[in-house]
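The lines below spell out each chain.
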Amino acid sequence: MDNNWLVAAIWMVLALGASLISVRFGLSVALAEIFVGVIGGNTFGLHTTPWIEFLASFGAVLLTFLAGADIDPVSFRKNLKNSLAIGILSFLCPFIGAWLFAYFVLGWDMRASQIAGIALSTTSVAVVYAVMVETGLNQTKLGKLILGACFITDLGTVLALGVLFASVNIWMAIFIAVTIPVLWLIPKIAPWVVSHLGNRVSEPEIKFFLVVLFVLAWLANKAGSEAVLPAYLVGLVAAGTFMRDHAPLHRIRTIAFAVLTPFYFIKAGMLVSVQAIVTGFLSILVLLSVKVASKFIGVWPIVSLIKMKKKERAYTTLLMSTGLTFGTISAMFGLTHNVINQNQYTILATVVIGSAVVPTLIAQKWFQPRELLTDTNSIDQVNLLQPPKISNQKESEVQ
Amino acid sequence: MFKNILVSFDGSTYSLKALDTAVNLAKLTNAQLSLVSVEENLPRFVADAGELKEEKEYQNGVFQKLQRDARERVKSNGIDLKRADVLMGHVAKSIINHAKSIQCDLIIMGHGGRSGAWGNFLGTTAEKVSRYAHCTVMIVR
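Chains as they are written, first to last, in our numbering: chain A, 1 to 399; chain B, 400 to 540.
Hints listed in this document are in silico derivations from the structure and should not be mistaken for laboratory results.
Careful: at least some of the hints might be erroneous.
Residues on chain B that point at chain A, a partial pick, calculated with CB under 7 Å [as the list claims (entries may be wrong)]:
hint : residue
1    : Phe401
2    : Val445
3    : Ser529
4    : Ala532
Here are the computed lysine-lysine pairs in the DSS-like style, where the Cα-Cα straight-line distance is at most 27 Å [stated by the list, open to error]:
hint : chain 1 : residue 1 : chain 2 : residue 2
5    : B       : Lys464    : A       : Lys365
6    : B       : Lys481    : B       : Lys464
7    : B       : Lys481    : A       : Lys365
8    : B       : Lys455    : B       : Lys426
Backbone N, C-alpha and C fix where the C-beta goes; we use that ideal spot for every residue, glycine too.
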């Protein structure tokens with residue numbers, strides 16, 4: 001099976017199957033791709049090639065860029081103090097908690113334990129957003145506060161991943177020296193690029209962002225850091241530009257979801273060993289509990305300080321315990337850099353996927369703060385006959 | 400008799416039959432008629448918030464078109480809808496909660512629809528609504 005076209009066809013068949021599963025069952029395409037990847041890797045001996053490795057890495061870079069670009073800078077600034085407090089503790093406590101647990105209890109070595117800490121420190125902005133859109137909570141002050149905190153937590157994750165495993169060398173100095181001015185310049189240049197060069201068939205504005213991402217990824221790579229770090233930062237500083245014009249972000253997402261992220265998520269699933277899930281089942285359960293418990297230790301006191309009601313505190317803490325994209329990226333970073341082995345990767349990836357589902361379901365089932373909504377039922381209502389009610393359909397909250 | 404009728408509409412053949420039945424009944428009883436559609440299969444546990452946003456935009460477009468067509472169909476029978484809503488979430492639960500919140504006294508829905516083969520095993524939406532709704536439910540075959 002060394003013909004590139006055949007390999008591409010097989011991977012795309014899996015990606016297509018995952019899309020169909022996603023559409024039929026209302027599941028995210030990422031989870032569906034991980035699922036088909038697990039089957040492909042464990043049943044049919046699916047394996048990667050160098051070009052698939054590159055497409056998968058490129059997919060991860062675009063995913064983190066999109067995650068950063070989803071921030072709403074205005075809401076974020078409004079809730080900055082509280083979001084910072086929740087976000088920092090939501091990163092630090094599980095990072096330290098999972099790190100120490102993996103090191104002292106599971107007996108992993110120091111670097112593998114650090115990867116465990118990073119992978120389990122994450123909060124999934126996307127999972128949280130999806131939960132809140134269903135009830136309209138993304139429109140409330142609490143919702144905006146939680147979303148802001150998620151971005152801070154993820155920033156902590158990518159910084160840890162980018163810094164802890166980086167080498168201190170001349171390339172690191174060059175990487176920092178280039179990244180800082182680029183991040184400063186993008187909010188000034190990007191609006192001009194999008195407004196003057198955008199909406200052409202040749203897509204110059206998309207290529208502009210890709211050039212920035214590729215150059216910074218190259219420098220990060222040379223510095224022994226991780227390409228997702230600059231991608232997330234570029235996404236964050238470019239978010240304001242995309243608030244004014246969604247079109248480039250839509251097109252980047254189309255490129256990512258059609259041809260790049262399937263390779264990333266199928267690969268993430270392919271590397272999971274079903275046998276390791278069975279043998280490490282107890283470790284998976286315990287690590288998931290450690291993640292949620294350490295999020296509670298970090299987030300609960302701070303949300304109590306800002307005088308949230310008990311139900312809101314539990315809801316916020318559970319949502320901050322979710323994870324998916326950054327968690328799998330961190331675990332895969334560990335595996336591809338030989339910091340963790342496949343069994344450890346399997347444990348971490350399964351815990352991360354579990355954390356996308358379990359805390360979400362608990363939060364929705366028992367802790368949804370319905371009293372914050374004036375009319376839960378009408379939040380996502382699109383009333384065609386009563387124009388003022390159309391305003392209830394606010395979907396661009398995160399953007 | 401009935402004063403406030405709610406029709407569950409997903410564009411399927413059965414839901415069109417339900418709509419026609421509702422129109423006839425509304426004429427007979429002089430009741431007000433409302434329409435509701437539910438976006439069910441929006442992705443959960445997404446890796447990128449945009450995945451949900453774009454899928455929701457797509458489904459909003461689909462259901463808004465369906466509802467516009469339904470409204471025209473109702474109008475051609477000399478009736479205007481009181482309201483038409485697109486909700487998201489679990490279909491049966493959303494219909495039941497919505498029916499309660501707009502105080503309707505009759506829900507009319509198709510026997511089949513989009514439950515498909517799963518309906519045979521897990522129960523159709525119509526079965527679930529008829530079991531848990533606060534008001535009378537008419538299931539149209």
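Is lysine 481(B) within 27 Å of lysine 464(B), Cα to Cα? holds, 17 Å
Take the shortest C-beta to C-beta distance between alanine 532(B) and chain A; is it under 7 Å? violated, 14 Å
For the restraint on serine 529(B), tell me whether the closest CB of chain A is nearer than 7 Å. Status violated, d = 20 Å.
With a cut-off of 27 Å on the C-alpha distance, tell me whether lysine 464(B) and lysine 365(A) pass. violated, 32 Å
Would the pair lysine 481(B) and lysine 365(A) pass a check requiring their Cα atoms to be no farther apart than 27 Å? Not OK: lysine 481(B) and lysine 365(A) at ~32 Å, beyond 27 Å, violated.
Evaluation of the interface hint that places valine 445(B) against chain A, nearest CB under 7 Å: With a closest approach of 4 Å, the valine 445(B) hint holds.
Have a go at the phenylalanine 401(B) hint: is there a Cβ in chain A nearer than 7 Å to its own Cβ? Violated, because the Cβ-Cβ distance from phenylalanine 401(B) to chain A comes to roughly 20 Å (cut-off 7 Å).
Check the hint pairing lysine 455(B) with lysine 426(B) against an upper bound of 27 Å on the C-alpha distance. Given that 27 Å is the threshold and the Cα spacing comes to 34 Å, the pair is violated.
Checked against the numbered hints listed earlier, the structure breaks hints 1, 3, 4, 5, 7, 8; every other hint is satisfied.
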